[in-house]
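S.K.: The chain contents come next:
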Amino acid sequence: GENVEQHPSTLSVQEGDSAVIKCTYSDSASNYFPWYKQELGKGPQLIIDIRSNVGEKKDQRIAVTLNKTAKHFSLHITETQPEDSAVYFCAAATTSGTYKYIFGTGTRLKVLA
Amino acid sequence: SAVISQKPSRDICQRGTSLTIQCQVDSQVTMMFWYRQQPGQSLTLIATANQGSEATYESGFVIDKFPISRPNLTFSTLTVSNMSPEDSSIYLCSVAPAGGPGEQFFGPGTRLTVL
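Going down the list, the protein sequences come from chains A and B.
Residue numbering for the first sequence follows this note's numbering, beginning at 8 and increasing consecutively.
Residue numbering for the second sequence follows this note's numbering, beginning at 1472 and increasing consecutively.
To be clear, the hints were calculated from the coordinates, so they are not data collected in a lab.
Where hints are given, some of them may not hold.
[Said to hold, decoys possible] Derived list of chain A stretches under chain B, where covered just means 3 residues or more per stretch with a C-beta under 8 Å from a C-beta of chain B: (1) 29-36; (2) 50-62; (3) 111-119.
For every residue, glycine included, the Cβ atom is placed at its ideal position computed from N, Cα and C.
Taking the hints into account, I'd like the entire structure generated from these sequences.
M.R.: Below, the structure written as structure tokens:
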């Protein structure tokens, strides 16, 4: 079935450094790739997304890149701040009849002050 | 955007009982999803609940265990039936666009502990 792998599972960076999280999806029909940030005790919140007809998208300190051929997409956070500390999930949307989102396993990011 | 509330926010239940979780959205939406998130884990889709049709369950989840109602475009319930400690988890509802995948909004979750 559909699968999304995410690496690393934990990531510690110094404040001001960059963080990169990578995901690989299995369903070549996937066409929408969101990234979510989940803080303790809250539901996930979308921080950036990309569609399959775009290779890169940037929003201030965060960016997402997509390589459809390799079925890879990555989240890049620059100039990290302590408030970036959270769990990040990637997802891929697959269409089969209706559609659904398959989530990656999550990355716990710690930004050290 | 959509604002989603869930009730209860948390509960502690005895094994063998059932709990119904409510999900209320502040706008009319077509696509609604129910997820389970075990502590420290990712989100696993339980079912897709669209108004006017039967819920579509993912592999490993069955209607007898997780009956879902979707009486209108702003409300849904998920019942966790005949609970066991393995059902201890966070249950999340979410909504998404009708015409195709797009921004998904999540409720705050219901933290369930089964003793």
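S.K.: Are there hints from earlier that the structure breaks, and if so, what are their numbers?
M.R.: 1
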